[in-house]
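Peer 1: What follows is each chain in one-letter form.
There are 2 protein chains.
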Amino acid sequence: MTSEIKKKESQVPEPSLRRMPCYLTYLKLARRDQQEFISSTQIARDMGVDPTQVTKDLSYTSIVGKTRVGYEVNTLIDVLEDFLGFNKLDKAYIFGAGGLGNALLHDHKLDQYGLTIVGAFDVDPKLIGTQIQGVPIYHVNDFKKIKEDDVSVGILTVPAEFAQEVAQTMADGGIKGIWNFTPIRISLTEDVVIQDTSLYAHLAVMFNRMKNLSDKK
Amino acid sequence: MTSEIKKKESQVPEPSLRRMPCYLTYLKLARRDQQEFISSTQIARDMGVDPTQVTKDLSYTSIVGKTRVGYEVNTLIDVLEDFLGFNKLDKAYIFGAGGLGNALLHDHKLDQYGLTIVGAFDVDPKLIGTQIQGVPIYHVNDFKKIKEDDVSVGILTVPAEFAQEVAQTMADGGIKGIWNFTPIRISLTEDVVIQDTSLYAHLAVMFNRMKNLSDKK
Numbered sequence: 001m002t003s004e005i006k007k008k009e010s011q012v013p014e015p016s017l018r019r020m021p022c023y024l025t026y027l028k029l030a031r032r033d034q035q036e037f038i039s040s041t042q043i044a045r046d047m048g049v050d051p052t053q054v055t056k057d058l059s060y061t062s063i064v065g066k067t068r069v070g071y072e073v074n075t076l077i078d079v080l081e082d083f084l085g086f087n088k089l090d091k092a093y094i095f096g097a098g099g100l101g102n103a104l105l106h107d108h109k110l111d112q113y114g115l116t117i118v119g120a121f122d123v124d125p126k127l128i129g130t131q132i133q134g135v136p137i138y139h140v141n142d143f144k145k146i147k148e149d150d151v152s153v154g155i156l157t158v159p160a161e162f163a164q165e166v167a168q169t170m171a172d173g174g175i176k177g178i179w180n181f182t183p184i185r186i187s188l189t190e191d192v193v194i195q196d197t198s199l200y201a202h203l204a205v206m207f208n209r210m211k212n213l214s215d216k217k
Numbered sequence: 001m002t003s004e005i006k007k008k009e010s011q012v013p014e015p016s017l018r019r020m021p022c023y024l025t026y027l028k029l030a031r032r033d034q035q036e037f038i039s040s041t042q043i044a045r046d047m048g049v050d051p052t053q054v055t056k057d058l059s060y061t062s063i064v065g066k067t068r069v070g071y072e073v074n075t076l077i078d079v080l081e082d083f084l085g086f087n088k089l090d091k092a093y094i095f096g097a098g099g100l101g102n103a104l105l106h107d108h109k110l111d112q113y114g115l116t117i118v119g120a121f122d123v124d125p126k127l128i129g130t131q132i133q134g135v136p137i138y139h140v141n142d143f144k145k146i147k148e149d150d151v152s153v154g155i156l157t158v159p160a161e162f163a164q165e166v167a168q169t170m171a172d173g174g175i176k177g178i179w180n181f182t183p184i185r186i187s188l189t190e191d192v193v194i195q196d197t198s199l200y201a202h203l204a205v206m207f208n209r210m211k212n213l214s215d216k217k
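Chains as they are written, first to last, in our numbering: chain F, 1 to 217; chain B, 1 to 217.
For reference, chain F alone in the conformation it holds in the complex (with noise of 0.2 angstroms):
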C-alpha cells in the first residue's frame, strides 16, 4: 500500500513535466539578467501560464518559495535541473546517421539537457568507419559488440522501414529508453520507453491550424 501511494507521488504529470524545460530556460535568462529571486506570478506573467499552475509544477520537485520574495532563481535551477535529469550526462547512442540523425550529431545543445552523444549506427558503407563531430559511426550489426553498459538511451532515426526493427535490436542490446523520431508506433516489452517525437506530426497540427485560420477570415 506504501509503496503503490508512494509510485502515485513520484508520477508527475506529463503537461507539467513538459513545461519544466521552459520554467528552466525562462530562469536561465532571469539569472543572465542578475535576478535574484521570483515569485511565481512573475513566472506565469512571462510565460502566459496560470500561476497556481506553476505553483503545482514546482511543487512536485519539492522546492518551497518564500513569501513575499519567492523563490531563489539560482536553487531553483539547481532544483529544476536535479529533477529533470538535466545535470548528470546520459549516454546515447544514435540510430541512423543520415538527415535528422546527422543534424542531432551536430546540436551541441543536447548536452546542456542531459544527453551525450557517444556512438552512431548506421548501414551505408559511406558513413561507417568516419565521425560525425568526433562521434564514431558503426555498422548497426555491430551494435551488441559494441554497446557499453552505461549507455540506456537510443535515438531512433532510421527510414521508416526499419523503426521497429532497429528497435528491437536497440533493445535486445540493453537499450531502456528509445526517443523515437521517426513516425512508426514501435511495439516493445513495457521495460522499454518509448519517446514519440514526430516532427511530422507537429507539422501537420501546424498545417491545419494555419488553414483553419485563414478560412476563418
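Intra- or inter-copy, both count: the list cannot distinguish identical chains.
With a cut-off of at most 20 angstroms between alpha-carbon atoms, the simulated SDA-like pairs for lysine to any residue come out as follows:
#, residue 1, residue 2
1, K66, Q42
2, K91, P136
3, K109, G99
4, K147, M210
5, K144, P125
6, K109, G98
7, K28, T61
8, K126, H106
9, K109, F162
10, K109, R31
11, K28, D82
12, K109, T197
13, K211, G114
These are computed hints drawn from the structure, not numbers from a lab. Keep in mind the model is a prediction, meaning the values are calculated, not measured.
Add chain B to chain F, keeping to what the hints say.
Peer 2: Leaving out everything else, chain B in the frame of chain F:
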C-alpha cells in the same frame, strides 16, 4: 450560427491529427508491399490503436471504406496527403542556421511532408552569404527586404534569449505559422499560429519515465 457550426466541424482534434502522419507512413509501407486494400482493423492492430479510433480519425478526411475490403490503399494515401497539406509544398524560412537549424537544413525528408526551406537567416558573419544544401543564408536584418509573399512558415531555431524578438520580426514580416523549436513560450497576436516542438521537453518526459521504471524494480 451556421459559420459557428462549420468552424467546429473543420476542427479536427489534435490527437487525431497527430496520428494521421503515422497512418500515412504505415500506408506507404503497405503500398510498397503491394497491398491494395486495408481494413481499419488491420491498421489498428499493426499500429496499436483502437479500431474505432482508426475509423473515427479517418472519417475526418471524408473517405469511406468499403464493407469487407476496407480502404483502397492508394486512395487513402492521396486523401491523407491532401488533408494534411503534405502534397503541396509550403515554403519556409529558417531563423537560426546553426545547431538544430543546420540539422533541419540537412533533413531532406521535410519536403516529403509538405515543407521546403527556401532561405535561412542568422547573425553569424561566418554563415551569412554562404549556402547550406543550396539554401542561401542571409542576415536577419535583411528579412523584410528579402521576404517573399508566398513564404508563410518560419522555423525558429535561434538561441532562447532571442526567440521572442525574432518571432516578432517574423510576424511583422508576414509569417503566418511559426514552428518553434526553442523552449521559450512565444507570445504574439492571434493571427499567427505557433507550433511548439521542444525537443528538451520530450527529453524531460523520457528521462522521467525511465526513472519511474527503474524505481519500480
